[in-house]
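Colleague: Fit chain B to the given chain A structure using the hints.
For the protein sequence lines, the chains are A and B, in the order given. In this text, residue positions in the first sequence follow our numbering: the first is 1, and each later residue adds one. In this text, residue positions in the second sequence follow our numbering: the first is 1, and each later residue adds one.
The set of hints was computed from the structure by calculation and includes no laboratory data. No experiment lies behind these values; they were computed from the predicted model shown. Watch out, some of these pointers could steer you wrong.
[Unchecked claim] Straight-line Cα separation of at most 30 Å, DSS-like style, residue types lysine-lysine; simulated pairs:
no. : chain 1 : residue 1 : chain 2 : residue 2
1   : B       : Lys145    : A       : Lys157
2   : B       : Lys5      : B       : Lys82
3   : A       : Lys157    : A       : Lys211
4   : B       : Lys101    : B       : Lys5
5   : B       : Lys188    : B       : Lys281
6   : B       : Lys95     : B       : Lys5
7   : A       : Lys75     : B       : Lys188
8   : B       : Lys281    : B       : Lys145
9   : A       : Lys157    : B       : Lys208
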Amino acid sequence: MHVEIAGENSLIIYFAEATDPQVSAQVQQAMLQLETSLAEHLIDMVPSYASLLVIYNQFSTDHYFVSACIRQALKNLGNSQQQQGKVIELPSYYSTESGPDLQQLADNAKLSVEQVIAIHSAMEYRVYAIGFAPGFAFLGEVDPRIAAPRLTTPRLKVPRGAVAIADRQTAVYPAQSPGGWNLIGLCPTPMFDATATPCMPVQVGDSIKFKAIDRDQYLALGGEL
Amino acid sequence: MSDFKVIQPGLLTLIQDAGRYGQHRIGLTNGGPLDALAFNWANRLCENPLNCSTLEISIGGLVLVAQTDTYIAVTGACMPMKINGRDCSFWQTHKIVQGDKIEFGFATAGARAYLAVKGGFNVAPSFTSTSTVVRESIGGINGNKLAVGDLLACNRAVQASLLAVPDTEIPNYPTELSIKVILGYQQKSFDSVQQRLFFSSDYQLSDKVDRMGFRLQGQQIKSSLSGMLSEGICHGAIQVPADGQPIVLMNDRQTIGGYPKIGSVIALDTARLSQLMPGNKVAFEQISMERAHNINHLARQRYQNVALVNIA
Numbered sequence: 001m002h003v004e005i006a007g008e009n010s011l012i013i014y015f016a017e018a019t020d021p022q023v024s025a026q027v028q029q030a031m032l033q034l035e036t037s038l039a040e041h042l043i044d045m046v047p048s049y050a051s052l053l054v055i056y057n058q059f060s061t062d063h064y065f066v067s068a069c070i071r072q073a074l075k076n077l078g079n080s081q082q083q084q085g086k087v088i089e090l091p092s093y094y095s096t097e098s099g100p101d102l103q104q105l106a107d108n109a110k111l112s113v114e115q116v117i118a119i120h121s122a123m124e125y126r127v128y129a130i131g132f133a134p135g136f137a138f139l140g141e142v143d144p145r146i147a148a149p150r151l152t153t154p155r156l157k158v159p160r161g162a163v164a165i166a167d168r169q170t171a172v173y174p175a176q177s178p179g180g181w182n183l184i185g186l187c188p189t190p191m192f193d194a195t196a197t198p199c200m201p202v203q204v205g206d207s208i209k210f211k212a213i214d215r216d217q218y219l220a221l222g223g224e225l
Numbered sequence: 001m002s003d004f005k006v007i008q009p010g011l012l013t014l015i016q017d018a019g020r021y022g023q024h025r026i027g028l029t030n031g032g033p034l035d036a037l038a039f040n041w042a043n044r045l046c047e048n049p050l051n052c053s054t055l056e057i058s059i060g061g062l063v064l065v066a067q068t069d070t071y072i073a074v075t076g077a078c079m080p081m082k083i084n085g086r087d088c089s090f091w092q093t094h095k096i097v098q099g100d101k102i103e104f105g106f107a108t109a110g111a112r113a114y115l116a117v118k119g120g121f122n123v124a125p126s127f128t129s130t131s132t133v134v135r136e137s138i139g140g141i142n143g144n145k146l147a148v149g150d151l152l153a154c155n156r157a158v159q160a161s162l163l164a165v166p167d168t169e170i171p172n173y174p175t176e177l178s179i180k181v182i183l184g185y186q187q188k189s190f191d192s193v194q195q196r197l198f199f200s201s202d203y204q205l206s207d208k209v210d211r212m213g214f215r216l217q218g219q220q221i222k223s224s225l226s227g228m229l230s231e232g233i234c235h236g237a238i239q240v241p242a243d244g245q246p247i248v249l250m251n252d253r254q255t256i257g258g259y260p261k262i263g264s265v266i267a268l269d270t271a272r273l274s275q276l277m278p279g280n281k282v283a284f285e286q287i288s289m290e291r292a293h294n295i296n297h298l299a300r301q302r303y304q305n306v307a308l309v310n311i312a
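Here chain A stands alone, though its shape is the one from the complex (with noise of 0.2 Å):
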């Protein structure tokens, strides 16, 4: 574990050179620890898969101060309550009418289609960080069997709601956007709408099950195609 400077007002702390859940148990009892520490002096915090970037208000304190805070918040970590995120379903419409590159990664894996749809849907994955877009949450982590590197060319288009593989990490896309992760499904279940308390039905911590979800279902649900 280990602290360094990220820029004029902020320090990251790092907690492993790899993650797994009890890395991000670390990172979000620490970053529990700091809002209340630091108070005021908080700007933001970026938590992430096995750091946590602390941004804090130059003019009203000095890393001298926030490094102490740091200190002591990792000196506490083992103490303090494990903080038990919540487990959220979110349907999935698996196929290759939904998923474009199901097909694909099912015969580079040497797996039918079907089992790619057991074998996603039968873990609980870990919401690790939360970025890239409003709402975008990084999952993890996928079966190996199914892990599938991106595409050589990111698509222009990638629907709102895709379900999709890059390696060892899954997400839905929040909202149409460029992206070059392997999609094999669709999710009508908004990740992001601005105008909804809360924004996002996820947080950091939090654990995601998907459930396989037919086409009548998934139109049902007031998803699109």
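Modeller: Just chain B now, with coordinates in the frame of chain A:
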């Protein structure tokens, strides 16, 4: 209705307040003025609170018609400005009456100008801020840059001080800059040779410049890292992808990313960088965290201690 009507939006004109903070956890970036100093002066000339919504005019070409009486001030890049065909100066307050036509030419030095109106433009904030981030479709008018026919609401004002920024405080906008960097993030993965190359070479601003990042071209530098986990990116971070060409990440950057970073440019200097045009020259200067702290506090003191000139 009390507002300004957009006759021509110019190349890129955006509603910006001081920026959107505390929303990184849902993936939202900061937005906000690229040149915060010029932005602050514009609001100050209108005696506005710090966070009032202004227009950030990139390069120029904006034409507005006032449909109310008010006061405006424009700061930043040198850009010809006419009110009803008459040349007008930046860095001071102007009285505007209903029907006035305000026209901007194109920047002759610098790249971004800020237009503030008395009391600020009335825009509904989203996620605590009115700053427009087009990539996210958030802020401004429907998350977009200004378009022909947009109406920019503001309050009618018939009385205000006419103020000017003293000449000594008006920045010039050179085409060559040295910008200050604090080493950080994956700096250790850039060995001493790579760091020396980085700090001793001149870079050129490429034509790949937007509110997310400013790409530079010149001496390649290499990190020893081949892959890393995505992590939080702060304002000004200098990302070095596999091609070895640095990118300074600005207000609309992605909140997380997985490329090695050598350190970060201080905000006072990202503001100066944002006033450069493609082809202009940039050199990087290394400073310590403590020196950055001093520079920032001194700059703030200086700004606060300036007395505006009354020109009424």
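Colleague: Taking the hints in turn, state whether each one holds.
Modeller: Verification of the supplied hints:
no. : hint                 : verdict
1   : Lys145/B to Lys157/A : 21 Å, holds
2   : Lys5/B to Lys82/B    : 16 Å, holds
3   : Lys157/A to Lys211/A : 25 Å, holds
4   : Lys101/B to Lys5/B   : 10 Å, holds
5   : Lys188/B to Lys281/B : 26 Å, holds
6   : Lys95/B to Lys5/B    : 17 Å, holds
7   : Lys75/A to Lys188/B  : 25 Å, holds
8   : Lys281/B to Lys145/B : 28 Å, holds
9   : Lys157/A to Lys208/B : 21 Å, holds
Violated hints are absent here; each numbered hint is respected by the structure.
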